[in-house]
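Trainee: These are the residues of each chain, in order.
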Amino acid sequence: DAGVTQSPTHLIKTRGQHVTLRCSPISGHKSVSWYQQVLGQGPQFIFQYYEKEERGRGNFPDRFSARQFPNYSSELNVNALLLGDSALYLCASSRRDTSYEQYFGPGTRLTVT
Amino acid sequence: GQQVMQIPQYQHVQEGEDFTTYCNSSTTLSNIQWYKQRPGGHPVFLIQLVKSGEVKKQKRLTFQFGEAKKNSSLHITATQTTDVGTYFCAGGDTDKLIFGTGTRLQVFP
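Line order of the protein sequences matches chains A and B. Per the numbering used here, the first sequence runs over residues 181 to 293. Per the numbering used here, the second sequence runs over residues 91 to 199.
Take the hints with a grain of salt, since some may be wrong.
To be clear about the criterion: a stretch of chain A counts as covered by chain B if any three or more of its residues have a C-beta under 8 Å from a C-beta of chain B, and this derived list gives those stretches [what the hints assert, rightly or not]:
| id | region |
| --- | --- |
| 1 | 222–232 |
| 2 | 273–281 |
| 3 | 284–291 |
None of these hints come from the bench; they were simulated from the model. A virtual CB, placed ideally from N, CA and C, is assigned to each residue, including glycine.
All chains, full assembly: derive it from the sequences and hints.
Mentor: Listed below in structure tokens is the structure:
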């Protein structure tokens, strides 16, 4: 079975620009969560979507938004990029919600210059 | 907000030595999950603990969940070079998963 896939793998953007990151969960998984991981730190929870509805939100500004589609894939959008948004963005899928084991994708490395 | 801390931040051991990382939450946890992240990789699920005082073993790895469900530990017996990576605990709830600060393990042959 295919694992969680994310695109693109790497991305370079300029301050003030907008970015969209994409995630496809494992087949049969209905929950997708997004995390930001800065080098040397643990993943920081951004959003959880379950059955296409926002289930949880971390402590991130409104510049961050996400959605989940009928096929359970998901997009993370970040507006007005700041240098501090440079990080590895991880997507994870789960059978139900974040109380269940998370299967992580390889991540998207975002660099903001 | 909820915080999950881990100690130590780094641990260097000789191959064959034991290793332990400790995880402490500022709030009571519904469950604790443990993940391993190899350098350049993504977190990989190891185990989940749900019950107060629960102990689970996976070969050389032993996981414990505290009686108050606010702390946990991971112990590796006789480390091997394949154990290299960062170990994260994470407090899981139905609406969020809060990762700890992680313990980076380096094993010297």
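Trainee: So, against the hints stated earlier in the document, which numbers end up violated here?
Mentor: Those not satisfied: there are none.
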